Every structure is written in C-alpha cells, then in structure tokens.
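*Asks:* Residue numbers for the sequence shown follow the working numbering, so the first one is 293 and each next one is one higher.
If you are wondering where the hints come from, they were derived from the structure by calculation, not from laboratory data. Remember, it's a predicted structure, so these values are computed and weren't measured experimentally. A portion of the hints provided could be inaccurate.
[As the list claims (entries may be wrong)] 20 Å max Cα-Cα, derived PhoX-like pairs, lysine-lysine:
1. K310 with K351
2. K351 with K296
3. K296 with K318
4. K310 with K348
5. K351 with K318
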Amino acid sequence: MRVKTPRGEVDLIARRGKTIAFVEVKARANVRDLATAIDAYRLRRVAAAAEILLPKYGKECENMQIDVIMVAPWRWPNHLPNVWHG
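Work out the full structure: start from the sequences and follow the hints.
*Replies:* The structure is reproduced here in structure tokens:
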C-alpha cells in the first residue's frame with residue numbers, strides 16, 4: 293500500500309512484533325540500474341514520511357526502521373533492512 297504525505301511517500305508498511313518497517317520499493321528494467329535507484333535524498337523523504345505516519349501505524353511499536361526492496365526482472369527481490377540511520 294503506497295501512502296503519501298506532504299513530506300514524502302512510503303511504498304509499504306510492514307510490522308513484525310514490536311518493529312515497524314517503512315519500505316521503499318525500487319523496480320528497474322535491469323540489475324545495473326538498481327545501483328543508482330536509491331540515494332540519500334529519497335531515503336530522507338521516506339524517513340520524513342515515516343515520522344508523520346508513525347503515530348497512526350506504529351502504535352505499540354518499540355522499533356522503527358527504513359527498509360529498501362529492489363526488484364529487477366528474473367531476479368529474486370533484494371531486501372535491504374534498516375538502511376537509514378539519519
């Protein structure tokens with residue numbers, strides 16, 4: 293579920309136990325293009341959106357993280373957990 297806020301957007305919100313993850317999903321036509329699909333600017337926008345969404349979706353959560361999932365055809369998705377420490 294994509295959720296938009298005035299400060300950015302989050303592609304997925306996932307929760308496991310007391311941890312909530314705000315996830316940026318990047319899909320590209322080939323694996324080479326995934327290397328430049330995510331940068332600090334995009335992660336800052338996801339983190340800013342997560343701050344806004346945390347009170348609504350993160351009730352009872354003790355930990356928050358920003359994850360990235362990278363997708364390319366004929367490849368397994370690559371999950372990068374807890375990539376933002378800003």
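*Asks:* Next, verify each hint and record whether it holds.
*Replies:* For each hint, the structure was consulted:
| no. | hint | result |
| --- | --- | --- |
| 1 | K310 with K351 | holds, 9 Å |
| 2 | K351 with K296 | holds, 19 Å |
| 3 | K296 with K318 | holds, 16 Å |
| 4 | K310 with K348 | holds, 15 Å |
| 5 | K351 with K318 | violated, 27 Å |
Checked against the numbered hints listed earlier, the structure breaks hint 5 alone; every other hint is satisfied.
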